[in-house]
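Protein chains in written order, with numbering that gives the first Met the number 0: chain A, 0 to 302; chain B, 0 to 524.
Simulated from the structure, these hints should not be mistaken for lab results. Note that beta-carbon positions come from the ideal geometry of N, C-alpha and C, so glycine has one too. Among the hints, erroneous ones may be present.
As the list claims (entries may be wrong) - What the simulated footprint calls covered on chain A by chain B, stretch by stretch (three residues with Cβ under 8 Å from a Cβ of chain B suffice, anywhere in the stretch; the number is not a length):
{"#": "1", "region": "37-43"}
{"#": "2", "region": "88-94"}
{"#": "3", "region": "131-144"}
{"#": "4", "region": "178-184"}
{"#": "5", "region": "256-265"}
Said to hold, decoys possible - Beyond 12 Å from chain A on every Cβ pair, some chain B residues (computed):
{"#": "6", "residue": "107"}
{"#": "7", "residue": "203"}
{"#": "8", "residue": "376"}
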Amino acid sequence: MPAQTARDAIQTIGLTKRFGQTLALDQLNLTVTAGEVFGFLGPNGAGKSTTIRLLLGFLRATAGQAWIFGDAAADAAAAHRHLAYVPADVALWPALTGAETLELLADIGPGIDHHYRDELIQRFELEVDRKCGTYSTGNRQKVALVAAFATRAPLLIFDEPTSGLDPLMEQQVRQCIAAAEARGQTVFLSSHHLTEVEAVCQRVGILREGRLVEVAELSDLRRLRLTEMTVSFRGAPPDLEQLCRVTGVSNVQELSPSRLSLTLTGTPAAALRILANAEVVGLDVREPSLEEIFLEYYGQPAT
Amino acid sequence: MITFVRPAVRLIRYGLLIMLILIPGLSTIVIVQYRYTFANPAEVNSLQVLAENPAIRVLFGVPLALDTAGGFTVWRTGAIVVAILASWALLTATRITRGEEQSGRWALLLTGRLRLPAVVAQHLLVLLIAQILVGSALALGFIVTGAGTRGALIYALGVTFAAMLFAAVGTLCAQLVDERRTASGIAAAVLGLVLLLRMVADGVERLGWLAWLTPFGLLAEAEPYAANRLAPLAVMAAMALTVGGIAVLAAARRDADSGLITGSSTRPGRFRLLRSTPGFAVRRVLPSAFGWAAGLCTYFLVIGLLARSLTEFLRANPRFADLAAQAGFAGLATVQGYVAALFLLLAIPLGVFAASRLSHDAADEADRRLTAVFCKPLPRSRWALVQIVVIVGAVVLLAMGSGAATATGIVLAGADLRLTEAFAGALNAVPVAVLCLGAAQAAIGWVPQAVLALGATPAVGGFLLTVLVDTFDWPDWLGQLSPFAYLASVPATAPNWAGAAGLIGVSVLLVGLGIAGFARRDLRG
Chain A
0 MPAQTARDAI
10 QTIGLTKRFG
20 QTLALDQLNL
30 TVTAGEVFGF
40 LGPNGAGKST
50 TIRLLLGFLR
60 ATAGQAWIFG
70 DAAADAAAAH
80 RHLAYVPADV
90 ALWPALTGAE
100 TLELLADIGP
110 GIDHHYRDEL
120 IQRFELEVDR
130 KCGTYSTGNR
140 QKVALVAAFA
150 TRAPLLIFDE
160 PTSGLDPLME
170 QQVRQCIAAA
180 EARGQTVFLS
190 SHHLTEVEAV
200 CQRVGILREG
210 RLVEVAELSD
220 LRRLRLTEMT
230 VSFRGAPPDL
240 EQLCRVTGVS
250 NVQELSPSRL
260 SLTLTGTPAA
270 ALRILANAEV
280 VGLDVREPSL
290 EEIFLEYYGQ
300 PAT
Chain B
0 MITFVRPAVR
10 LIRYGLLIML
20 ILIPGLSTIV
30 IVQYRYTFAN
40 PAEVNSLQVL
50 AENPAIRVLF
60 GVPLALDTAG
70 GFTVWRTGAI
80 VVAILASWAL
90 LTATRITRGE
100 EQSGRWALLL
110 TGRLRLPAVV
120 AQHLLVLLIA
130 QILVGSALAL
140 GFIVTGAGTR
150 GALIYALGVT
160 FAAMLFAAVG
170 TLCAQLVDER
180 RTASGIAAAV
190 LGLVLLLRMV
200 ADGVERLGWL
210 AWLTPFGLLA
220 EAEPYAANRL
230 APLAVMAAMA
240 LTVGGIAVLA
250 AARRDADSGL
260 ITGSSTRPGR
270 FRLLRSTPGF
280 AVRRVLPSAF
290 GWAAGLCTYF
300 LVIGLLARSL
310 TEFLRANPRF
320 ADLAAQAGFA
330 GLATVQGYVA
340 ALFLLLAIPL
350 GVFAASRLSH
360 DAADEADRRL
370 TAVFCKPLPR
380 SRWALVQIVV
390 IVGAVVLLAM
400 GSGAATATGI
410 VLAGADLRLT
420 EAFAGALNAV
430 PVAVLCLGAA
440 QAAIGWVPQA
450 VLALGATPAV
460 GGFLLTVLVD
470 TFDWPDWLGQ
480 LSPFAYLASV
490 PATAPNWAGA
500 AGLIGVSVLL
510 VGLGIAGFAR
520 RDLRG
């Protein structure tokens, strides 16, 4: 058992899953600290859902191990005391009503905050007397979200939790995640919805073809990636040839005789030194959105 | 056209294969058996007394042309063959129409050029053609074994049209309600009702006209190997066409993903039996258990009502008691012996019920309905064990219900059977059903695609094996492979406690193996 597991909501060591010839997840080493909101990104088929299903013990790891608050993920009785889960595609028993489903999920689990559940039903405007068979995708997702948040579980695992929800409901989910964070709950959020991840997560992991290619604070990711810089100057332009030679500088464009733009990766110090030779009158630095970072990762082939 | 029917063909191919073997197989076995048993013409004449007994008529229909192998086989197996094929047709119809639609797989199909009625019609068409294939194989079986062509064609047409009718009934039910299991339940209830009507029509002379309302009765009216009438077959074909047409019209009058009967989509919550895993397991079993209970109790009530008449007949005609004894049903001439034989048959529906319950569980897993349950702090092994215990409970209650119904019928008919004897006889069948449950659980653990097929094997396959071994004098050790070899004829004789214990022991092993596999393997869905 790894050290200090109790502080870590999720820990995986060398977690690997093969389906026949396909390597779905390759040696995942990941730690999510208790209390953080962690974003889990990756294109379709990258292995996000496989990772989550391994964390839930639904799949057996080919190699490696995973722990949930120190309990082995494969031991459902122990590990599942700590968590609640909302899948991407929620399937419910069609003959049960929403209220009956919520009651069932509350009673076969370790108990819920009933008062909070009633509040959540109001907030998500869930019609609980309807049979689940008549619910839309979004409404089924609401049932799962209400059931998960109401558990007040220390770890909330969400797989695309808002894919079927309208923007107003997405807002509610974000607020609930913020409230969960404020209570000290950990959130593991797998999503394609990058603005959502950007809004709620402090740290993200990026998965690609079954491999974790990056784990970083969102702010670090931004700083290190593709800053777009627009420079206005008076008089003679800076030495463009020299500028182009600086490591990390690319895409230098003369927008007008007195303006140029460039993209920058890494620290800007060297580029700034060359720009300082001209009389700079304006400097606009735009950090990339998560979407741009994401596209940058997937635009290039795997190494 | 070919590309459009391909999904439907893929969905029915395995079931069709089984029907193509089972339906002609059953009949040819009986044809061969007949030749073997009634080699002597005097024996054949003795069969005619069968026609006069009302109880025999109720159970098997009115016998005709018993002096031919074909006529005998039609009488002996006709109702069973139609019931099996019709059950398959209606269950397949609801599965490939409502089931596919409910799963969302039709959404893609419907975005193409085809509209809903056309998609429904095509699936129905594929199923109708499947019945023609099975019917052709059946006719071929009769002809190849030399049972006569004309009767074979009339009979096979009748069976085909009857199966077509129930394919259409299943398709229609799938248009009425928006849930596959409900649609299957309604269609199965129609089949059960029709079977009951047939029994009444054959048993009560004044109500004989009812036969014209049921495919079973119409098949009898066609008199294969006797009068070989075409008119009743035409009526049956018209019925099938009409119901199929109504199904397609109904599809045109509804929205995708909904049924024509849209009951209220809201209702106040009913929270009883939701507060624990065992409670929920009971709640999940109840609706289908009630359905099976209704069917079994009705059937065994009729069996009880006929007991006196049948046993008196067999005492008066010992030759038939001998024949039954050769087929493995000894002592039919006493009420105890008669109910003991029929209670052995109870193992088949009980086993299929048990296996079908676990196959529902497998379907719930594959459709991800169990995901919400399995992310609770509840080991899969416990979940599985709770389901098993609840299903065993349901099987025991179904057996006792059947026993009570039989005893009631017997007492009403003026014969004598104690309630404890009826219970003992019915419960005697339970170990085979438990074995089915064990096989089904083992399938869930290791081959979750085939839970129903493997789960039903001990009861259905075992029974067929017993019949085959008895008929063709196959070696004894082969017969020992059937679980029925370990059941005594209770209440005619004392229970075979060791045999029952052995069956239960094997079941426990299979359940353990299945749960171990289920707890370790990847979840599907």
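Each hint tested on the structure:
1. 37-43: violated (count 0)
2. 88-94: holds (count 7)
3. 131-144: holds (count 3)
4. 178-184: That given contact is violated, which follows from only 0 residues of the region 178-184 of chain A lying within Cβ reach (below 8 Å) of chain B.
5. 256-265: violated (count 0)
6. 107: Given a closest Cβ separation of 16 Å, the condition holds.
7. 203: Fine: 39 Å to the nearest Cβ keeps residue 203 of chain B off the interface.
8. 376: violated, 4 Å
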